[in-house]
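J.: Letter by letter, the chains look like this.
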Amino acid sequence: MLQLKQITKVFNEGTVDEKVALHSIDLTLAPGDFVTIIGSNGAGKSTLMNIISGRLFPDTGSVLINGKDVTEMCEHQRARYIGRVFQDPLVGTAPNMTIEENLALAYGRTRKRTLQFGVTKKRREFFKETLETLQLGLEHRLNAKVGLLSGGERQALSLLMATFTNPDLLLLDEHTAALDPARAELITELTKNIVEKAKLTTLMVTHNMEQALKLGNRLIMMDGGQIIFEASGKEKEKLTVEKLLQEFQRIRGSQFTSDRVVLV
Amino acid sequence: MFTAIFASVEAGFIYAIMALGVYLSFRILDFPDLTVDGSFVTGAAVAAVLIINGTNPFIASFVALLAGFVAGCITGLLHTKGKINPLLSGILMMIALYSINLRIMGKSNVPLLQEESVITILTDWWQKIGIDEMIENALISMKLVDFVPKTWAIVVLMALLVIIIKILIDQFLKTEIGLALRATGDNKRMITSFSANTDVLTIFGLGLSNALVAFSGALVAQYGGFSDVGMGIGMIIIGLASVIIGEALFGANSIARATLAVIGGAIVYRIVVTLALRVQFLETGDVKLITAFIVIAALILPQFIASQNEKRRKKLKSQRRGEHVATAQTDYKSI
Chain A
1 MLQLKQITKV
11 FNEGTVDEKV
21 ALHSIDLTLA
31 PGDFVTIIGS
41 NGAGKSTLMN
51 IISGRLFPDT
61 GSVLINGKDV
71 TEMCEHQRAR
81 YIGRVFQDPL
91 VGTAPNMTIE
101 ENLALAYGRT
111 RKRTLQFGVT
121 KKRREFFKET
131 LETLQLGLEH
141 RLNAKVGLLS
151 GGERQALSLL
161 MATFTNPDLL
171 LLDEHTAALD
181 PARAELITEL
191 TKNIVEKAKL
201 TTLMVTHNME
211 QALKLGNRLI
221 MMDGGQIIFE
231 ASGKEKEKLT
241 VEKLLQEFQR
251 IRGSQFTSDR
261 VVLV
Chain B
1001 MFTAIFASVE
1011 AGFIYAIMAL
1021 GVYLSFRILD
1031 FPDLTVDGSF
1041 VTGAAVAAVL
1051 IINGTNPFIA
1061 SFVALLAGFV
1071 AGCITGLLHT
1081 KGKINPLLSG
1091 ILMMIALYSI
1101 NLRIMGKSNV
1111 PLLQEESVIT
1121 ILTDWWQKIG
1131 IDEMIENALI
1141 SMKLVDFVPK
1151 TWAIVVLMAL
1161 LVIIIKILID
1171 QFLKTEIGLA
1181 LRATGDNKRM
1191 ITSFSANTDV
1201 LTIFGLGLSN
1211 ALVAFSGALV
1221 AQYGGFSDVG
1231 MGIGMIIIGL
1241 ASVIIGEALF
1251 GANSIARATL
1261 AVIGGAIVYR
1271 IVVTLALRVQ
1281 FLETGDVKLI
1291 TAFIVIAALI
1301 LPQFIASQNE
1311 KRRKKLKSQR
1321 RGEHVATAQT
1331 DYKSI
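For the record, the sequence lines run as chains A and B.
Taking my numbering, the leading residue of the first sequence gets 1, the next gets one more, and so forth.
Taking my numbering, the leading residue of the second sequence gets 1001, the next gets one more, and so forth.
For the record, the hints were derived by calculation from the structure and aren't laboratory data.
A virtual CB, placed ideally from N, CA and C, is assigned to each residue, including glycine.
Careful, some of the hints might be misleading.
Unchecked claim - Taking lysine-lysine and the DSSO-like style, the derived pairs with C-alpha atoms no more than 30 Å apart in a straight line are: (1) Lys68(A) with Lys128(A); (2) Lys128(A) with Lys1314(B); (3) Lys145(A) with Lys1150(B); (4) Lys68(A) with Lys1314(B).
As the list claims (entries may be wrong) - With beta-carbon atoms standing in for the labels, derived distance ranges: (5) Glu185(A) with Arg1313(B): 20 to 28 Å; (6) Lys68(A) with Arg1313(B): 54 to 62 Å; (7) Ser1108(B) with Gly151(A): 34 to 42 Å; (8) Lys128(A) with Leu1282(B): 51 to 59 Å; (9) Gln1171(B) with Thr15(A): 50 to 58 Å; (10) Asn1253(B) with Ala177(A): 30 to 38 Å; (11) Arg1257(B) with Gln116(A): 49 to 57 Å; (12) Leu1249(B) with Gln116(A): 48 to 56 Å.
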């Protein structure tokens, strides 16, 4: 589904601030793979996400989605294949538009937008049914402005909007990090259910090790712009937070330090 | 007095088209577009020159609309492809258009009084149907004889035109492209992640906005009987005044409500200016100053009223709590 070949990205090349954000990354996701990525700050996780989504372009290497080379495609063209949920709940939805209008915008991701009405009777029914799966009662508030929703509700809606059109690839960029523990738990559960039900190929960045262990069938640890550890299937299921930390220490010879990592 | 107000309502409807254009850029796209000062005159200039050269006034007005669309698109290109700040893109285009407008007209003022225009054609047609006499008779029978305007043609037909444009805008903003346009002004990152090209949408949106502005300019030139290179100065502020006054007076909960409010705002603005100019002390040259005051008032007054209401609400609440405490104490004493 997703293939990354020899991706390298250097920021501020040739200056004192030069930073190798990604160092020849190779990664392949099979259809239905759910990969979680952990790593300390500056490990290159966000840069990797931005290169896949087209916000940044790699210095060398190529990005393939569904076997198609999208390296030169810009962000909005690539969005036809990719569903995304951002860390900030405010980024994924349009606050001054209603819930149904937001869903109509998301519905248009895979097709060419025309002068047809965005919300038709038929679509409204479909939106209602889809919203019911969230069990947040949003299906009764189709005409409410999204800006009136709470952060948790907005993030749940963002998740739904990113997934209900079955993207070839789903990118989750620390999408529970800005929520309180209860809301984060809710979104984590929703993510699990939605991805399993639609068998979406998913790449999720997280700072929460427990979440990284709980979700998905593969786990990747990044540091210094490289993938330093990878576990999948049975091997991943056996992992614990302690083992992950030991693993990091063994490979890097230093403590895994980041005040943003949630250990418990 | 009534004649003056009647004339300002007529003008209000024509300027409302420009205000709707400003609403599109300012509110929907969240783009403070100063191109308006230039594109308004472009519309007037194109229509005037074409009419003088014998083109059908309706076609001339439509060409003016297209010219405005092109001007808006260029501002959009400067901003999206040239990465120039929105305000600066607008100002650059406004300055450039000043010279272009002079080139189009060939001189700084083109009179249209002797020419056949959209306004004269419509008025003639209207008088043939004889509705004016009907209304006049009705007014006389209602004993409202002291107020008889020359013709109802302009006010009725322009109102009709503005309402049609308003409905078209409302409907367009509900289509898939329209929704994407609104999202571009509301949350660019979000709509980009849903595969919309925000550059193209911004360019198109500004084109549409300035098309309406230029069309309004073309009608104003035909209504006033001349096109002048200076007639666009401060036009953006008049547009903003209409949008802000309208929203403050009539609310903006939905798109349909907001566009109606903008039309109302444009008419109220004209009436306020007309009334202000009747004050002995003020002169015609003070119009811009009055406009500035109206906009400032429309911006500050709603805040002031809201804070006053908030204060009153809090006071009431604390008073009520005081009463509760008092009754609780008396209850306690009676026991």
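J.: For each hint given before, does the structure comply? Return the numbers of the non-compliant ones in rising order.
T.: 1, 2, 3, 4, 5, 7, 11, 12
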